[in-house]
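Chains A and B supply the protein sequences, listed in that same order.
Mapping the first sequence onto this note's numbering, position 127 (from 1) lands on 127, and the numbers just tick up by one.
Mapping the second sequence onto this note's numbering, position 265 (from 1) lands on 265, and the numbers just tick up by one.
Hints should not be assumed to be uniformly reliable.
Label pairs and their in silico Cβ distance ranges [what the hints assert, rightly or not]: (1) A/A240 x B/L203: 50 to 60 Å; (2) B/L284 x A/R206: 49 to 59 Å; (3) B/F24 x A/R248: 51 to 61 Å; (4) A/T230 x B/N182: 28 to 38 Å; (5) A/E136 x B/L51: 43 to 53 Å; (6) A/E119 x B/Q269: 41 to 51 Å; (7) B/R194 x A/H72: 50 to 60 Å; (8) A/V67 x B/K282: 17 to 27 Å; (9) B/E76 x A/E97: 49 to 59 Å; (10) A/R238 x B/T174: 31 to 41 Å; (11) B/L203 x A/T12: 31 to 41 Å.
Here are a few chain B residues that sit away from chain A, every Cβ distance over 10 Å (derived from the structure) [to be verified]: (12) E28; (13) M82; (14) I126; (15) N182; (16) L190; (17) Y200; (18) L201; (19) L207; (20) I279; (21) W281; (22) L284.
Note that these hints are calculated values from the structure, not bench results.
C-beta: ideal position from N, C-alpha, C; glycine also.
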Amino acid sequence: MNTGLIDGRHITKVYATATGPLVALDDVSFSIREGEFISLVGPSGCGKSTLLSILGGLEEKSDGTLVLAGKHHDAPRPDLGMMFQTSVLFPWRTIRENVRLPGIILGLDKKQQAERCEELIDMVGLKGFGDRYPGELSGGMRQRVALARLLAHDPRVLLMDEPFGALDEFTRETMNVELLRIWEKTGKTVVFVTHNIGEAVFLSDRIFVMTPRPGRLEGIVEVDLPRPRTMEAMRDPRFADHVFNIRRMLGVDH
Amino acid sequence: MSLVHANADDMPAPTGHESMIDRFIAGERRKQRRKHLLHRLLAAGFGLFVLLVWHVATTYGFVHALIIPTPLATFEATGRVMSAEYFWPNVWVTLQEILWGFAIGLASGVILGVGVAMFDTVRATIYPYLVALQAPPKIVLAPIFITWFGFDQASKIAIAVVMCFFPMFLNTLTGLSSVDPNAIKLMRSLTAGRWKTFRYLLLPNALPIMMAGVKLCWTLAVLGVIVGEFVGASAGIGYLIYAMNFQLDIAGVFSLIILLSLFTLVVYQLIEALESRIIFWKQL
Ligand SMILES: Nc1ncnc2c1ncn2[C@@H]1O[C@H](COP(=O)(O)OP(=O)(O)OP(=O)(O)O)[C@@H](O)[C@H]1O
Ligand SMILES: [Mg+2]
Numbered sequence: 001m002n003t004g005l006i007d008g009r010h011i012t013k014v015y016a017t018a019t020g021p022l023v024a025l026d027d028v029s030f031s032i033r034e035g036e037f038i039s040l041v042g043p044s045g046c047g048k049s050t051l052l053s054i055l056g057g058l059e060e061k062s063d064g065t066l067v068l069a070g071k072h073h074d075a076p077r078p079d080l081g082m083m084f085q086t087s088v089l090f091p092w093r094t095i096r097e098n099v100r101l102p103g104i105i106l107g108l109d110k111k112q113q114a115e116r117c118e119e120l121i122d123m124v125g126l127k128g129f130g131d132r133y134p135g136e137l138s139g140g141m142r143q144r145v146a147l148a149r150l151l152a153h154d155p156r157v158l159l160m161d162e163p164f165g166a167l168d169e170f171t172r173e174t175m176n177v178e179l180l181r182i183w184e185k186t187g188k189t190v191v192f193v194t195h196n197i198g199e200a201v202f203l204s205d206r207i208f209v210m211t212p213r214p215g216r217l218e219g220i221v222e223v224d225l226p227r228p229r230t231m232e233a234m235r236d237p238r239f240a241d242h243v244f245n246i247r248r249m250l251g252v253d254h
Numbered sequence: 001m002s003l004v005h006a007n008a009d010d011m012p013a014p015t016g017h018e019s020m021i022d023r024f025i026a027g028e029r030r031k032q033r034r035k036h037l038l039h040r041l042l043a044a045g046f047g048l049f050v051l052l053v054w055h056v057a058t059t060y061g062f063v064h065a066l067i068i069p070t071p072l073a074t075f076e077a078t079g080r081v082m083s084a085e086y087f088w089p090n091v092w093v094t095l096q097e098i099l100w101g102f103a104i105g106l107a108s109g110v111i112l113g114v115g116v117a118m119f120d121t122v123r124a125t126i127y128p129y130l131v132a133l134q135a136p137p138k139i140v141l142a143p144i145f146i147t148w149f150g151f152d153q154a155s156k157i158a159i160a161v162v163m164c165f166f167p168m169f170l171n172t173l174t175g176l177s178s179v180d181p182n183a184i185k186l187m188r189s190l191t192a193g194r195w196k197t198f199r200y201l202l203l204p205n206a207l208p209i210m211m212a213g214v215k216l217c218w219t220l221a222v223l224g225v226i227v228g229e230f231v232g233a234s235a236g237i238g239y240l241i242y243a244m245n246f247q248l249d250i251a252g253v254f255s256l257i258i259l260l261s262l263f264t265l266v267v268y269q270l271i272e273a274l275e276s277r278i279i280f281w282k283q284l
């Protein structure tokens, strides 16, 4: 059933290490529909970042097939965007110049980019900070800039590797709400890696639960909480049920 | 101090909250200034102390004037040397050698550093040789270079180039290699090729380490040229120092050393000023 925007079949990744081959991903298959919000959860070392890199075309897979929008996919492409746990802003560029970077690299229309980036800076709540440098901003503000930069070239798929993992609880929840707002407005397809089960349940349509050594896709949880979601969703009894189920799949209950 | 107060009094008195903040900022500035002044006084005091020890030791016969001249004699010698007819032509010779050696050493270090960092084939071909060439202390090359390039400026420039090259090469290579792996991932995900990755990420990211290399090279270029002039030359500051030492004009030697140090220091500070403009983001 190759019906999704992204279809992965039997994806396997083996790293050759000093101590022998290391199976980071073992026969992972999935299908992601256009506009879906997917989270990858699992303990450290289960291959979440590896899978995301393969989805981004940055890492070669050892085996299996990956199809994006009907075509074999194994190289970076401009309709994908990546965001990381650290903001990866360039300290020598202003906030505005950082957000403009994808457009410059991809050679997009300057005038359009200028307008779009200004809108994005406003949208992430940093109006008036365009001429500042990253060194003058707090960690949360920097991650907002990274979010604006992620959207600058209007990618179809957002690949986010624990983007809010280094933020404090309050900032993280604010960012979650904002990300949902942006996602609902733009209809992007999102693959979101997190350690935080509550965050995954709050954000996602479906959650891919992974287990380590070797990295396997243990199961997929459908989150049936209504959209659009607000913080209220966390009071829904189904929210706690999902969190509990995922914990059990990960074997945290004993 | 009184000037500052007079200015502050001229301004209309702010009220309430605003005046509280203004007073706080003014207070902080004053504290900063005082600390700054204190540090300068400490440095000046120590300098005076050293001068005093020097004066007492040489004037009252603890150290013979043929070994260390008195401060006064050194001061007089400085005037004598600087007004001598032979002084400026020799300065010009040495200055040219230093600047050429510095420039060529920097340029070759940067070019090969970039080559080795950016191209695997270049790295595989020349990197082992460059590391092996680094092993001997460069000074031992001075006599050989005099034989190869003669008594004139070329041999001094060559020594300075050899001294400058490796630190600049290594700092360029290190700077270009010490980059956040996620930043590389970001550039790759944006389909940036080698050149764009270099221009937008690797080069600016390398500048702080490269600038440290430039400063190191400056002192090494001066060192290389002076040593070269000691070993064999017919002009230049190193040659003058050598000649005066031979004639037991110790005060003259001291004055030249002091002038040379001042020159090196001033240029070093200029490079530092340039550095803080180039890598402005380090102070944010
Ligand atoms: N370049 C590499 N070379 C060798 N092994 C690697 C490499 N990258 C990842 N691995 C290994 O593959 C496994 C999966 O790594 P990965 O980074 O994908 O885990 P993760 O789920 O993202 O972990 P975390 O939650 O800690 O980020 C780990 O055991 C890791 O040591
Ligand atoms: Mg990871």
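Here is how each hint holds up against the structure:
1. A/A240 x B/L203: 50 to 60 Å: holds (52 Å)
2. B/L284 x A/R206: 49 to 59 Å: violated (42 Å)
3. B/F24 x A/R248: 51 to 61 Å: holds (56 Å)
4. A/T230 x B/N182: 28 to 38 Å: Hint holds: Cβ distance 32 Å, inside 28 to 38 Å.
5. A/E136 x B/L51: 43 to 53 Å: holds (44 Å)
6. A/E119 x B/Q269: 41 to 51 Å: Once the Cβ atoms are compared, 45 Å apart, the range 41 to 51 Å for B/Q269 and A/E119 holds.
7. B/R194 x A/H72: 50 to 60 Å: violated (25 Å)
8. A/V67 x B/K282: 17 to 27 Å: violated (46 Å)
9. B/E76 x A/E97: 49 to 59 Å: Holds, at about 57 Å.
10. A/R238 x B/T174: 31 to 41 Å: violated (54 Å)
11. B/L203 x A/T12: 31 to 41 Å: holds (38 Å)
12. E28: Given a closest Cβ separation of 19 Å, the condition holds.
13. M82: holds (43 Å)
14. I126: Its Cβ never comes within 10 Å of chain A, the nearest being 28 Å, so this holds.
15. N182: For B/N182, whose nearest Cβ neighbour in chain A is about 5 Å away, the distance does not exceed 10 Å, so it is violated.
16. L190: violated (4 Å)
17. Y200: violated (7 Å)
18. L201: Violated, since 7 Å does not exceed 10 Å.
19. L207: The claim breaks: B/L207 does not keep its Cβ more than 10 Å from every Cβ of chain A (closest is about 8 Å).
20. I279: Incorrect as stated: the minimum Cβ-Cβ distance to chain A is 8 Å, not above 10 Å.
21. W281: violated (4 Å)
22. L284: Violated, because the least Cβ-Cβ distance between B/L284 and chain A comes to about 3 Å, which does not exceed 10 Å.
Checked against the numbered hints given earlier, this structure breaks hints 2, 7, 8, 10, 15, 16, 17, 18, 19, 20, 21, 22; the rest are met.
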